[in-house]
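I would like the entire structure built from these sequences, with the hints used as guidance.
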Amino acid sequence: MITINDPIKHKTQKSIMACIPTCLAMLLDKDPEQVYDEFTNDYIHGFTDVSNYLYKHGVFAQPHITAGMHQIRPGRLYLATVPSLQLPGLFHQIIIDARFGDVKVYDPCKGLQGKQYYSYDHVAEGNDLAYPLRSFLID
Numbered sequence: 001m002i003t004i005n006d007p008i009k010h011k012t013q014k015s016i017m018a019c020i021p022t023c024l025a026m027l028l029d030k031d032p033e034q035v036y037d038e039f040t041n042d043y044i045h046g047f048t049d050v051s052n053y054l055y056k057h058g059v060f061a062q063p064h065i066t067a068g069m070h071q072i073r074p075g076r077l078y079l080a081t082v083p084s085l086q087l088p089g090l091f092h093q094i095i096i097d098a099r100f101g102d103v104k105v106y107d108p109c110k111g112l113q114g115k116q117y118y119s120y121d122h123v124a125e126g127n128d129l130a131y132p133l134r135s136f137l138i139d
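Sequential numbering of the sequence shown, starting at 1, is according to my numbering.
Warning: the hint list may mix true and false statements.
Said to hold, decoys possible - Listed next, the in silico EDC-like pairs over lysine to aspartate or glutamate satisfying Cα-Cα at most 16 angstroms (straight line):
id: 1; residue 1: K14; residue 2: E33
id: 2; residue 1: K30; residue 2: D6
id: 3; residue 1: K115; residue 2: D102
id: 4; residue 1: K9; residue 2: E38
Said to hold, decoys possible - Label-pair restraints from in silico Cβ distances:
id: 5; residue 1: D49; residue 2: R76; range: 26 to 32 angstroms
id: 6; residue 1: G46; residue 2: S15; range: 20 to 26 angstroms
id: 7; residue 1: G89; residue 2: H10; range: 24 to 30 angstroms
id: 8; residue 1: G58; residue 2: D128; range: 37 to 43 angstroms
id: 9; residue 1: V123; residue 2: F91; range: 22 to 28 angstroms
id: 10; residue 1: R73; residue 2: S15; range: 31 to 37 angstroms
id: 11; residue 1: D6; residue 2: I72; range: 17 to 23 angstroms
None of these hints come from the bench; they were simulated from the model.
Since the model is a prediction, treat every value here as computed from it, not as a measurement.
Beta carbons are placed, not taken as given, at the ideal position from N, Cα and C, and that holds for glycine.
Listed below in structure tokens is the structure:
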């Protein structure tokens, strides 16, 4: 598990529908497949949710729904829901990290061959697949 002072290690989701467990794996510094196996079935059947899963692993997550960059506070780490770039009409989970002075986006789609992913500074990233983060909900 990462601490508040540890940088996140980016992980790429293994399938197009594995964004939530992959974000959890990044937050907990665990293997994404292990988190997928532990989390997904219970989540689909309504037996757990993101905050309960994190709490079970020693992380207190304060769930709240809000939107907009003005809600991003320095020194904090956020799970966010964004419109899916891969599956129109669906949502996608990312991490927004504002703990170390600048804002970074960890999108588990980054690294999937030919797939767009969200980036806070898509121009500096210099990758045609990087897409600017414009709208999101803080979970």
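For each hint, the structure was consulted:
{"no.": "1", "hint": "K14 x E33", "result": "holds, 8 angstroms"}
{"no.": "2", "hint": "K30 x D6", "result": "holds, 14 angstroms"}
{"no.": "3", "hint": "K115 x D102", "result": "violated, 25 angstroms"}
{"no.": "4", "hint": "K9 x E38", "result": "violated, 20 angstroms"}
{"no.": "5", "hint": "D49 x R76: 26 to 32 angstroms", "result": "violated, 20 angstroms"}
{"no.": "6", "hint": "G46 x S15: 20 to 26 angstroms", "result": "holds, 21 angstroms"}
{"no.": "7", "hint": "G89 x H10: 24 to 30 angstroms", "result": "holds, 26 angstroms"}
{"no.": "8", "hint": "G58 x D128: 37 to 43 angstroms", "result": "holds, 39 angstroms"}
{"no.": "9", "hint": "V123 x F91: 22 to 28 angstroms", "result": "holds, 25 angstroms"}
{"no.": "10", "hint": "R73 x S15: 31 to 37 angstroms", "result": "holds, 33 angstroms"}
{"no.": "11", "hint": "D6 x I72: 17 to 23 angstroms", "result": "holds, 19 angstroms"}
Hints 3, 4 and 5, counting from the list given before, are not met by this structure.
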